[in-house]
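Go ahead and model the full structure; you've got the sequences and the hints to work with.
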Amino acid sequence: MAVVSAEPAVVSEQLRVVRGGRPALDQLSATVRRGIVTGLLGPSGSGKSTLIRSIVGVQVIASGSLRVFGLEAGSAALRSRIGYMTQAPSVYNDLTVEENLRYFARILRAPPQRVDELIEAVDLGAERDRVVDRLSGGQRTRVSLATALVGGPELLVLDEPTVGLDPVLRRDLWELFDSLAAGGTTLLVSSHVMDEARHCAELLLLYEGRLLATGTPDDLRRRTGGDDLEDGFLRLVEEARA
Amino acid sequence: MSLGSAWATALRVFAQLRRDPRTIALLMVVPTALVVLLKYMFIDDPGVFDRIGVPLLGLFPFITMFLITSITMLRERTTGTLERLMAMPMAKLDLLVGYGIAFAAVAAVQATIVSLVAFGLLDLHTAGPRGLVVVLAVTNAVLGMSLGLFLSAFARTEFQAVQFLPAFVFPQLLLCGLIVPRDQMARALEIASYFLPLTYAYDALLRVGEDVLDARLVLDVAVVLALTVLALGLGAATLRRQTP
Chain A
7 MAVVSAEPAV VSEQLRVVRG GRPALDQLSA TVRRGIVTGL LGPSGSGKST
57 LIRSIVGVQV IASGSLRVFG LEAGSAALRS RIGYMTQAPS VYNDLTVEEN
107 LRYFARILRA PPQRVDELIE AVDLGAERDR VVDRLSGGQR TRVSLATALV
157 GGPELLVLDE PTVGLDPVLR RDLWELFDSL AAGGTTLLVS SHVMDEARHC
207 AELLLLYEGR LLATGTPDDL RRRTGGDDLE DGFLRLVEEA RA
Chain B
-13 MSLGSAWATA LRVFAQLRRD PRTIALLMVV PTALVVLLKY MFIDDPGVFD
37 RIGVPLLGLF PFITMFLITS ITMLRERTTG TLERLMAMPM AKLDLLVGYG
87 IAFAAVAAVQ ATIVSLVAFG LLDLHTAGPR GLVVVLAVTN AVLGMSLGLF
137 LSAFARTEFQ AVQFLPAFVF PQLLLCGLIV PRDQMARALE IASYFLPLTY
187 AYDALLRVGE DVLDARLVLD VAVVLALTVL ALGLGAATLR RQTP
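Note that the protein sequences, when read in sequence, are chains A and B. Numbered by the numbering used here, the letters in the first sequence go through residues 7 to 248 in order. Numbered by the numbering used here, the letters in the second sequence go through residues -13 to 230 in order.
These are calculated hints, taken from the structure and not from any lab test. Predicted model only: the values in this text are computed from it and were never measured. Heads up, the beta-carbon is just placed ideally off N, CA and C, and yes, glycines get one too. Don't take each hint at face value.
[As the list claims (entries may be wrong)] Residues from chain A that keep clear of chain B, each with C-beta distances beyond 10 Å, as calculated:
1. Gly41
2. Leu141
3. Val169
4. Arg228
[Stated by the list, open to error] Computed from the model, here is a short list of chain A residues facing chain B with C-beta under 8 Å:
5. Gly63
6. Val66
7. Ser86
8. Ala94
9. Ser96
10. Leu101
11. Tyr109
12. Arg112
[To be verified] Beyond 12 Å from chain A on every Cβ pair, some chain B residues (computed):
13. Val34
14. Val95
15. Arg116
16. Val166
17. Leu216
Laid out in structure tokens, this is it:
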């Protein structure tokens, strides 16, 4: 059973972020509860990556407030508590799987055996000495994921970790996310595939930089009166437009 | 600032270089080949080879490290690894010092190899201590590295970064006194040359070559070091944790 603390891991209030002269997030108020997997869903360009970048502290915020574990997003004290997986696998392509993880482990002061554990956890044992450049897309994603896990973060923020992966790998990753959440880690996982929502305990639905809906997958099914979350989401978009 | 992170970064850069033996070969072979070329260009006038051999030997590492650093740092920005590092508990200086350690070591090897060939095989004469030429070459490499690091922030593609070599390095090579003594240039250019880092790097090499180990040499080296620190500081300022 997941440990769900009363105080949320992330709280945003009236958050506004401007990118390229246009509001990428507009008056966004949302919370991410601790110890569960929260899905951040919405179409491409809805502001998912911007919200994720804001939470990990690499995005300039225009106005509003964004707090992570009670601290202002971007605080130096948060950097060792958040694991971040960028949308494109951002690891060194000319290093092996192990060399990549060893480097980030040294930066995060993680014990050396942590690298071995993670290589097993993401099932890259056979690829450990291979240069990332020569790995498949799915393997590269897993290197990037392992990198986000190196510091044993309390909050793990993953930007579209399952996009473009085969069904078996997707299932394995969701199992990994569940086991991390069961161990007390808070996860925020973004996706533009609505089908992924069923794996999440809670959902944040974004559309054009605004929060369209929030709740459990069942809540959303009930609200939109259908079994299919994708149809439900489309119905909410139509309502918002009307 | 953490020496652990800086050292880890230096080791990481070494590991990356090791994966790219062709680059290492080019780094060592190209300047050596160019010195050989110079030797035989001035085969009938060895005095010229002696006069420009030492300064060129000390300036090669500046040029190569400038280029390598600007491309490497640009890659770090465009592949997202910089964003990842900036989201981690890592000081900007750790990254810069890590690069500094790695590239200074490469420059030291490069300068040593070129010196061995130039002094040992090509009979390059210098009045001053040869070891000092290698030391200055490494200092210049670190200067080139810090300038490349700073300027890489203004390039968005590798094509642009490569163009910074003719844009920022060639004018300095032309005006530093290597081709024409600075006091023979138009007054405006002579004044301009005082504001260019390579002027001081060249002057120091010239003095060591002529064994004029005076206060002006100390000043030259001090200016090169100060400009290195300044460029590193400006470079650190361009590494933004938060981007718009």
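How the hints compare with the structure:
1. Every Cβ of chain B is farther than 10 Å from the Cβ of Gly41 (chain A); the closest lies at roughly 22 Å, confirming the non-interface assignment.
2. No Cβ of chain B approaches the Cβ of Leu141 (chain A) within 10 Å, the least distance being about 14 Å, so the stated non-interface status holds.
3. For Val169 (chain A), the condition that its CB be more than 10 Å from all CB atoms of chain B holds, with the nearest at approximately 15 Å.
4. Against chain B, the non-interface label of Arg228 (chain A) holds: every CB pair exceeds 10 Å, the least being about 37 Å.
5. Checking Gly63 (chain A) against chain B by beta carbon gives a least distance of about 6 Å; that is within 8 Å, so the hint holds.
6. The restraint placing Val66 (chain A) at the interface with chain B holds, with a minimum CB-CB distance near 5 Å, inside the 8 Å limit.
7. Taking 8 Å as the C-beta cut-off, the interface hint given for Ser86 (chain A) holds, the closest approach to chain B being about 5 Å.
8. Because the beta carbon of Ala94 (chain A) sits about 6 Å from the nearest beta carbon in chain B, less than 8 Å, this interface hint is met.
9. For Ser96 (chain A), the interface hint holds, since its Cβ comes within 8 Å of a Cβ in chain B; the closest pair sits about 3 Å apart.
10. Look at Leu101 (chain A): its Cβ gets to within about 6 Å of chain B, closer than 8 Å, so that hint holds up.
11. At a threshold of 8 Å, the smallest CB-CB gap from Tyr109 (chain A) to chain B is about 5 Å, leaving the interface hint in force.
12. Interface hint status for Arg112 (chain A): upheld, as the beta-carbon distance to the closest one in chain B is roughly 4 Å, under 8 Å.
13. The Cβ of Val34 (chain B) sits about 41 Å from the closest Cβ of chain A, beyond the 12 Å cut-off, so the non-interface label holds.
14. Every CB of chain A lies more than 12 Å from the CB of Val95 (chain B), the least distance being 20 Å, so the non-interface label holds.
15. The beta carbon of Arg116 (chain B) sits about 35 Å from the closest Cβ of chain A, which is more than 12 Å, so the claim that it is off the interface holds.
16. Even its closest Cβ contact with chain A, about 42 Å, leaves Val166 (chain B) beyond 12 Å, as expected for a residue assigned away from the interface.
17. Separation of Leu216 (chain B) from chain A is adequate, the least Cβ-Cβ distance of about 25 Å exceeding the 12 Å criterion.
Checked against the numbered hints given earlier, this structure breaks none of them.
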